[in-house]
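Asks: Protein sequences appear in the order of chains A and B. Take my numbering: the final residue in the first sequence is number 272, and no numbers are missing along the way. Take my numbering: the final residue in the second sequence is number 181, and no numbers are missing along the way.
Careful, some of the hints might be misleading.
[Unchecked claim] If the Cβ cut is set under 7 Å, some of the chain A residues that face chain B in the computed set are: (1) 97; (2) 126; (3) 133; (4) 134; (5) 135; (6) 141; (7) 142; (8) 146; (9) 188.
[Said to hold, decoys possible] What the simulated footprint calls covered on chain B by chain A, stretch by stretch (three residues with Cβ under 8 Å from a Cβ of chain A suffice, anywhere in the stretch; the number is not a length): (10) 52-60; (11) 122-131.
[To be verified] Per label pair, the in silico range of CB-to-CB distance: (12) 149/A x 43/B: 32 to 42 Å; (13) 224/A x 79/B: 24 to 34 Å; (14) 265/A x 115/B: 44 to 54 Å; (15) 171/B x 151/A: 43 to 53 Å.
No wet-lab data here; the hints were simulated from the structure. Bear in mind that the values here come from a model prediction, so they are computed numbers and not experimental data. Every residue, glycine too, gets a C-beta built ideally from N, C-alpha and C.
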Amino acid sequence: MSAKKVLAMRGESCFDSSVIPVQRALKKCSKKEQKPVDTRQTFCHIAFTHRNKLSHMRTKTLLLTAALCAAGAATSMAQVYSVNMVGYINQSIPAGFSMIANHLNNSPDNRITTLFPTPAEGTRIYKFNPATGGFSFMQVVDGAWEGSDLTLTLGPGEGTYIFAPAAFTHTFVGEVALSSTVNLPAGFSMVSSALPQSLALDGAPPAGLGFPIAEGDRVYQFNPATGGFIFNQFVDGAWDDGTPPVPGIGESFYVFNAGTAKPWTRTFSVGP
Amino acid sequence: MKKLIPLLVLVGAMASHAQDWVVNFNNNVVNDPNHFVTIQGTTTRVTGTNLQAVLLYGANASSLTANTVPARFRVSTSASAGTWQGGDRTLTGMGSTPGTVIQLRVDVFDINRFANYAAAVAGGGILGSSQVFSYVIPTPPLAPGATDLQNFRGFEIVPEPSVIGLGLVGAAALFMLRRRK
Chain A
1 MSAKKVLAMR GESCFDSSVI PVQRALKKCS KKEQKPVDTR QTFCHIAFTH RNKLSHMRTK
61 TLLLTAALCA AGAATSMAQV YSVNMVGYIN QSIPAGFSMI ANHLNNSPDN RITTLFPTPA
121 EGTRIYKFNP ATGGFSFMQV VDGAWEGSDL TLTLGPGEGT YIFAPAAFTH TFVGEVALSS
181 TVNLPAGFSM VSSALPQSLA LDGAPPAGLG FPIAEGDRVY QFNPATGGFI FNQFVDGAWD
241 DGTPPVPGIG ESFYVFNAGT AKPWTRTFSV GP
Chain B
1 MKKLIPLLVL VGAMASHAQD WVVNFNNNVV NDPNHFVTIQ GTTTRVTGTN LQAVLLYGAN
61 ASSLTANTVP ARFRVSTSAS AGTWQGGDRT LTGMGSTPGT VIQLRVDVFD INRFANYAAA
121 VAGGGILGSS QVFSYVIPTP PLAPGATDLQ NFRGFEIVPE PSVIGLGLVG AAALFMLRRR
181 K
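Using the sequences provided together with the hints, build the complete structure.
Replies: Right, here's the structure in full:
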């Protein structure tokens with residue numbers, strides 16, 4: 001399974017190379033315009049000058065004007081800095097089974113039926129349910145989704161098997177979850193990185209995905225080509241394979257949490 | 001002994017809350033090409049939302065329990081004739097221990113004639129049944145399709161004569177009787 005991400009490609013550096021530069025440029029531009037009125041020094045200087053040489057009335061007017069300018073500048077500054085990141089991911093889904101993920105919060109929701117409104121006939125979804133240990137199933141027959149629960153979701157941090165009758169490219173659209181928590185129950189769960197990054201699973205951000213790895217944890221990555229799993233486990237404080245798993249963009253995977261339930265929390269900040 | 005009672009109650013409560021396995025009750029996902037339900041003696045695949053498939057399960061083929069949630073067959077224009085619109089079915093009491101072998105069977109009845117599966121059984125209204133087949137609770141992590149009923153094989157049902165058909169038969173019988181007189 002390969003994936004191509006347009007706004008935020010791979011790793012933290014990818015965010016730097018796409019969205020952040022725009023915000024930095026905006027930040028610089030706005031600072032130049034704001035400097036005369038926005039800094040404390042300038043404001044005090046104006047007030048001091050007029051208190052000595054002009055009437056109190058004019059001083060008050062100037063103070064008010066300066067305050068309004070400062071407020072305006074602050075308002076315009078708030079408009080300059082984006083507090084979110086939106087984009088899309090073009091994801092290649094091969095024919096047959098694969099384990100997919102959606103790293104973007106879709107609007108209005110992340111239901112499978114919303115994310116895939118016009119799926120190919122015969123498309124199937126098997127979403128792992130940690131509570132039962134089995135799957136919740138949906139499929140497309142006669143052009144419509146059917147299944148016991150049509151509210152199944154695929155949001156950031158979640159994962160599912162998909163069966164595609166033929167290979168296709170799907171475009172996920174939405175907002176990056178800047179603050180996210182993926183719950184990892186004891187035992188098996190099917191998860192993904194909440195952020196659109198392909199990095200070492202357990203390294204600390206920004207070099208890694210910040211997964212809270214612990215002794216005995218296991219990771220199973222599905223290989224669509226073979227139909228089997230790529231297995232790795234964390235034993236004696238190290239990965240059996242020598243290197244940590246690196247899930248791809250758009251890829252979900254099984255995790256076996258050897259301990260008690262724990263959260264996988266990520267925070268990604270944008271702006272100043 | 002008194003100390004043991006709360007412990008036993010706790011163990012009992014835990015046992016009653018043990019998760020039961022959930023299977024995917026859909027025959028169109030079975031890989032074997034022989035997974036369609038057909039009309040007896042023909043290759044015509046069954047359609048009709050009045051026809052309902054019910055999953056029966058148990059540890060022994062001789063004592064199967066019905067999951068009473070029926071699954072309707074598809075409309076006559078469906079591209080997936082011969083299959084039913086199923087879904088997730090919980091096999092209550094079977095647990096979820098990997099390696100557990102469960103025996104399964106599929107029955108078909110007409111919901112226009114019987115209000116539910118029990119009524120159809122009581123009234124002799126089962127139109128057809130699959131062979132008993134097995135399913136083994138898989139070991140995690142689950143491979144894709146691990147909850148599908150891959151050992152299911154298609155079967156035939158005996159179609160019910162329609163009301164009009166019955167009427168015609170009756171009229172023909174009356175006509176024959178009158179001619180004999």
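Asks: For the pair residue 224/A and residue 79/B, does the Cβ-Cβ distance stay inside 24 to 34 Å?
Replies: Roughly 26 Å apart at Cβ, these two residues keep to the hinted range, so it holds.
Asks: Is the interface hint satisfied for residue 188/A? The criterion is a beta-carbon contact with chain B at less than 7 Å.
Replies: Interface hint status for residue 188/A: holds (5 Å vs cutoff 7 Å).
Asks: Per the hint of 32 to 42 Å, is the separation of the Cβ atoms of residue 149/A and residue 43/B within bounds?
Replies: At roughly 34 Å between Cβ atoms, residue 43/B and residue 149/A fall inside 32 to 42 Å, so the hint holds.
Asks: Hold the hint about residue 142/A up to the distance rule: shortest CB distance to chain B must be less than 7 Å.
Replies: holds (5 Å)
Asks: Would you settle whether the hint for residue 126/A is holds or violated, based on the nearest Cβ-Cβ distance to chain B being less than 7 Å?
Replies: Nearest chain B Cβ about 6 Å off; hint holds.
Asks: Any CB of chain B closer than 7 Å to the CB of residue 135/A?
Replies: With a minimum Cβ separation of about 5 Å from chain B (threshold 7 Å), the hint on residue 135/A holds.
Asks: With a cut-off of 7 Å on the beta carbons, see whether residue 97/A makes it to chain B.
Replies: holds (4 Å)
Asks: Taking the closest Cβ pair, is residue 146/A under 7 Å from chain B?
Replies: holds (6 Å)
Asks: Should the interface hint for residue 133/A be scored as holding, given a Cβ-Cβ cut-off of 7 Å against chain B?
Replies: holds (5 Å)
Asks: Checking hints one by one. Is residue 141/A an interface residue toward chain B, by the C-beta closer than 7 Å rule?
Replies: Nearest chain B Cβ about 5 Å off; hint holds.
Asks: Kindly confirm whether 44 to 54 Å is satisfied by the beta carbon distance between residue 265/A and residue 115/B.
Replies: holds (52 Å)
Asks: Holds or violated: is the Cβ of residue 134/A closer than 7 Å to a Cβ in chain B?
Replies: Holds. Min distance 4 Å.
Of the numbered hints given earlier, the model fails hints 10 and 11; all others are met.
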